[in-house]
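Trainee: This is what each chain is made of:
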Amino acid sequence: MASIPEIFESMSYGPAPESAGTVNAWLEERGREFGLFIGGNWKPGSGETFETLNPATGKPLARLVQASAAEVDLAVRAARKAQPEWWAIGPHARARHLYAIGRHIQKHSRFFAVLESLDNGKPIRESRDIDVPLVARHFYHHAGWAQLMEQELPGREPVGVIGQIIPWNFPLLMLAWKIAPALAMGNTVVLKPAEFTSLTALRFAELCQEIGLPPGVVNIVTGDGRTGEALVSHPDIDKIAFTGSTEVGRIIRTATAGSGKKLSLELGGKSPFIVFSDADLDSVVEGVVDAIWFNQGQVCCAGSRILVHEGVSQRLIDKLKERMETLRVGDPLDKAVDMGAIIAPVQLEKIRDLVRRGEDEGAKLWQPSWSCPRDGWFFPPTLFTEVSPAATVAQVEIFGPVVVLMTFRTPAEAVELANNTRYGLAASVWTENINLALDVAPQLKAGTVWINCTNVFDASSGFGGYRESGFGREGGREGLREYVKWAENRRGGGADVRGEQADRRSGGPRAVGRRSAKTRKAVKADEQTVRPSAGPPIRVPPIDRTAKLYIGGKQTRPDSGYSLPVLDSAGERAGEVGQGNRKDIRNAVEAAHKASEWAKTTAHGRAQVLYYLAENLAARSEEFADRLHALLGNESSGEREVELTIERIYSYAAWADKYDGAVHHTPYRNVTLAMPEPIGVLGVVCPEEWPLLGFVSTVLPGVAMGNTAVAIPSSKAPLVITDLYQVLDTSDVPGGVINIVTGVPDELARVLAAHDDVDGIWYFGSRELSAEVERLSAGNMKRTWVDLGEPREWEDPVQGAGEEFLEQATQIKNIWIPYGE
Amino acid sequence: MAENPPQSTVLTSTTAPIELQVAPRNPGLPLELEWVEEVRVNRSAVERRAATLRTRRTVKKEWQAAWLLRAITLMDLTTLAGDDTPGRVRRLCAKARQPVRRDLLETLGAEHLPIRVAAVCVYHTFITTALESLEGSGIPVAAVSTGFPAGLSPLEQRLGEIRASVAAGADEIDVVITRAHVLTENWRALYDEVRAMREACGDAHIKTILAAGELGTLRNVARASLVCMMAGADFIKTSTGKESVNATLPFGLVMARAIREYQERTEHLVGLKAAGGIRSAREALDWLTLVKDELGNRWLRPDLFRLGASALLTDIERQLEYFATGRYSAAHRHPTT
Chain X
1 MASIPEIFES MSYGPAPESA GTVNAWLEER GREFGLFIGG NWKPGSGETF
51 ETLNPATGKP LARLVQASAA EVDLAVRAAR KAQPEWWAIG PHARARHLYA
101 IGRHIQKHSR FFAVLESLDN GKPIRESRDI DVPLVARHFY HHAGWAQLME
151 QELPGREPVG VIGQIIPWNF PLLMLAWKIA PALAMGNTVV LKPAEFTSLT
201 ALRFAELCQE IGLPPGVVNI VTGDGRTGEA LVSHPDIDKI AFTGSTEVGR
251 IIRTATAGSG KKLSLELGGK SPFIVFSDAD LDSVVEGVVD AIWFNQGQVC
301 CAGSRILVHE GVSQRLIDKL KERMETLRVG DPLDKAVDMG AIIAPVQLEK
351 IRDLVRRGED EGAKLWQPSW SCPRDGWFFP PTLFTEVSPA ATVAQVEIFG
401 PVVVLMTFRT PAEAVELANN TRYGLAASVW TENINLALDV APQLKAGTVW
451 INCTNVFDAS SGFGGYRESG FGREGGREGL REYVKWAENR RGGGADVRGE
501 QADRRSGGPR AVGRRSAKTR KAVKADEQTV RPSAGPPIRV PPIDRTAKLY
551 IGGKQTRPDS GYSLPVLDSA GERAGEVGQG NRKDIRNAVE AAHKASEWAK
601 TTAHGRAQVL YYLAENLAAR SEEFADRLHA LLGNESSGER EVELTIERIY
651 SYAAWADKYD GAVHHTPYRN VTLAMPEPIG VLGVVCPEEW PLLGFVSTVL
701 PGVAMGNTAV AIPSSKAPLV ITDLYQVLDT SDVPGGVINI VTGVPDELAR
751 VLAAHDDVDG IWYFGSRELS AEVERLSAGN MKRTWVDLGE PREWEDPVQG
801 AGEEFLEQAT QIKNIWIPYG E
Chain W
1001 MAENPPQSTV LTSTTAPIEL QVAPRNPGLP LELEWVEEVR VNRSAVERRA
1051 ATLRTRRTVK KEWQAAWLLR AITLMDLTTL AGDDTPGRVR RLCAKARQPV
1101 RRDLLETLGA EHLPIRVAAV CVYHTFITTA LESLEGSGIP VAAVSTGFPA
1151 GLSPLEQRLG EIRASVAAGA DEIDVVITRA HVLTENWRAL YDEVRAMREA
1201 CGDAHIKTIL AAGELGTLRN VARASLVCMM AGADFIKTST GKESVNATLP
1251 FGLVMARAIR EYQERTEHLV GLKAAGGIRS AREALDWLTL VKDELGNRWL
1301 RPDLFRLGAS ALLTDIERQL EYFATGRYSA AHRHPTT
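Those protein sequences? They're chains X and W, same order as listed.
Heads up: the first sequence begins at 1 in this note's numbering, then just goes up one per residue.
Heads up: the second sequence begins at 1001 in this note's numbering, then just goes up one per residue.
Hints in this document: simulated from the structure, not taken from any laboratory.
Please note: incorrect hints may appear among the correct ones.
[Unchecked claim] Stretch by stretch, here's where chain X covers chain W in the computed footprint (C-beta under 8 angstroms, at least three residues):
1) 1033 to 1047
2) 1050 to 1057
3) 1060 to 1072
4) 1203 to 1214
5) 1293 to 1304
[What the hints assert, rightly or not] Derived coverage of chain X by chain W (criterion: at least 3 residues anywhere in the stretch with Cβ under 8 angstroms from a Cβ of chain W; other residues may be distant):
6) 258 to 271
7) 353 to 366
8) 382 to 391
Glycine is no exception: its CB is placed at the ideal position from the N, C-alpha and C atoms.
Looking at chain X on its own, in the form it has when it is part of the complex:
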């Protein structure tokens, strides 16, 4: 050890180890063996076990159980058994439990921090100052949501039993993000920590016992992907919440398709870190440190792509290199290190491979002059310059301390480069010009945008992705949605009511003759004839014309050159519609993208267009009513459907400028704007029933929120919708905002679901096709909303309209804007 006079001269840093004594004693007391936490008890494993290792040494910490499908089943049963009581104890009791968890986390904060650093390899500074305080904050914040649920989320109830699978990069924090909102909303959970990092979850299980959490509310099962698979495929799970790679997310999306399991996914990223020429470059450098050398770069939202204005790029590179020399890599339990160990050899090898590939592809590598410890699994901070957007290292998520740097010339080019990725988790923007910052932030395809900061999180602010970074939010009011469903009793009437025909003359509420959920079947792709149900004789003569498709504001002939006959209620040929095919869908999607300026029109402007649409439809209401009656006969009261339709258009015109965001109270000197943004291009497969009302009920929520749509109208009475083209034209709906492709709905639904430039798809139809749509959507992880063959009462203003639709039509972007001169 160096002497005081030597250090006095060198002024070096020495070791500053945090003691692991207490944690090691805890491990010893348990014989370094853990079972599964099921139904409030520890259950020894029945078969396979595995070791969890310390990444800084490669040595084992403890032996854990590889939970089998049978053990997962036990856990799910325990959660199911506990759920009704957990919901019944009410908001205040749940709030007390969550508060107690938060308190206990705080009381044992250092223990959790040390255990986390031992198991994960992250520096003790981070686990102590970032992870664990955020964990406590998450439970406190959600204790509040538990308390306020009845007032703040009226009409909603728990989803039920939640299966949660979390990654190894923030083990305890991800546990908190999953468990706190689930419990607050009255759900019970089965959580599977990552196999590399289960220890803090197991300690958390003990904490649940300590505070007297009812047995079965939280269940922890350890194991690798096989355990996760058992959880995902378990039939009695109501929702899966997953954080991890996009690759696994895709598998889960596919596996759960059609199962009715609610799903939230927080996946990978390749987040841009944009530096404009007027940024405070010294602060930018620290921002990069926080962005990519935080948690060894093993952060899903790591700012791993620096995009810097060409004019200042060399200065930034010089500053970065200088800063990298002073970073300290080493023992995670040393209080003065900046970077700890990489989680596992497999991850280290992946990083090395990608870095080699970066060099092979011609990017210029730079690493500091000092060398990493060799005992554990370490990798030095790495900077790639002279990187092209096409380079592997610029496209692929490395999940390590490796950052690439590219230059841009203009703000527009910065946005283009930033969005040139499949991902959309986060972005960071550095400029001292608020005009520029607030101009760029909404253009970035990312769930979180940090202005002049990066990697800041809070329980009150929703975190989650756009695009292939997944869907759903964690944190804030928006995050609660993932753990509630609309109360069953909002669904007025049952399936039995749905088949009944009400007396038209009575004028009272009536149900349309829809197939019940059970009898509805997928329309086969080869089924060419669209059959309306039988009814009384027609009132107007058939119109002899062929309605075309409506794409980009123009009526276009279907690519196929085929038409489908439309029969009226008497089974007579009422007209024909074009038979759209995949090329028509392709063209419609392109037209919808070209109309994306719609999102930038003011909300007031969109409202005006929708009001105008209602006005113009009203002027032709008799014609539409007759058409409906002619096509559907008794099945429709044409007048009533048109009336309801006009009212519904009014609703969305009204909502257009009222479904606004929030300013979250994050504990910083900061405004965090939670902005609902349109999803982009929505594919909408409209319900068969209520051809006109169903169309506006499913197309207009998205359009009101700024999305553009490719709509597949009901095949029952598509002529009603083709009649609507003229109304759309005369109402100043810009071309391309609503595109309509007639044809066989389920066939077109498949094309839409498999289209990787469609951002979201709503499907109302059969259970089978609902599943298919979800499965096919895994390709680009587009947002899906399907009805699983369970029809809604479209005429009912609660079931057929409202917030639920607006939530589905938007995604929340949180923009963090620190202030202070």
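With chain X fixed as given, assemble chain W onto it according to the hints.
Mentor: Frame of chain X; chain W shown alone:
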């Protein structure tokens, strides 16, 4: 079974011992307004860095003791009170010569190290007293000047004050700048003022006190730092100690970065002095960390970094005794000033 991870796995660039040296004086340069205007400081980001600097680094045991001894050698031991007397100044100077108990240094194995403070800082009136008391010690005397602390007396009078202090034998002059020039963004006036003061100093080193707590914004602190350096300041100093907000780490960070930028562009080395409100050993270590990580080891020498303080020394002595004996110490166990 798992043990604690291996010790001393931290490997960073090794730094060769730096000879005791005196940086060449900063000659300054013509005022470059364009440079001043392009200065950007993001307050929130600076505060975040300042807050995490002290949580990212720490020194323990031998390292802490060595760093605290180093802090002593960087100290401008100061008395700037209305009730100062020659007797008080003499006591201060005696402490400056022998800041740590001899027996304590021996326990630390540091008895051969040149442990004495960097300078003694007094009002003009006590320059002679201080010089006499410090004779033969090699410790320079610094005098605050130019209508300290407000600096609002007529310029000629302030320049006269500098000349008088230099004539009286002060080696270093701590001047205050006219805050109004900064607040009105009159960089030319600030530059001219500091230039004139620097000339009046002659061979004495000039430390320009920004009174950062009165400059309104961190960007002003950065710009004032830059203008003072262009005007030839040898040191830029945070505070007089009389403002309501004195030496904060964000001020220090902004000033350190300005010094770094100035050095990168001109190759001239400028010193940093943190003064006002630094009373604990922990705070002194925070400042050393800031300087080491932002400016580098070269700055951890008295020619480029100073801690202006009076009460700080006692706390450092207490911490040193704790390290040496394992027992928490009391202030009265160490000779006072």
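Trainee: It remains to establish, for every hint, whether it holds in the given structure.
Mentor: Verification of the supplied hints:
1. Figure legend: the segment 1033 to 1047 of chain W, annotated as covered by chain X; annotation consistent (8 residues with Cβ-Cβ distances under 8 angstroms, at least 3 required).
2. Interface restraint, the segment 1050 to 1057 of chain W with chain X: holds (4 residues with C-beta to C-beta distance below 8 angstroms; minimum three).
3. With 9 residues carrying a beta carbon less than 8 angstroms from a beta carbon of chain X, the segment 1060 to 1072 of chain W meets the three-residue requirement, and the given coverage holds.
4. With a threshold of 8 angstroms between beta carbons, the proposed coverage of the segment 1203 to 1214 of chain W by chain X is violated, since 0 of its residues qualify and at least three are required.
5. Under a criterion of three residues with beta carbons nearer than 8 angstroms to beta carbons of chain X, the stated coverage of the segment 1293 to 1304 of chain W is upheld, 3 such residues being counted.
6. Under a criterion of three residues with beta carbons nearer than 8 angstroms to beta carbons of chain W, the stated coverage of the segment 258 to 271 of chain X fails, only 0 such residues being counted.
7. By the rule of at least three residues with a Cβ nearer than 8 angstroms to a Cβ of chain W, the coverage given for the segment 353 to 366 of chain X is violated, with 0 such residues.
8. As drawn, the segment 382 to 391 of chain X meets chain W at 0 residues by the rule of a beta-carbon pair under 8 angstroms; below three, the given contact is violated.
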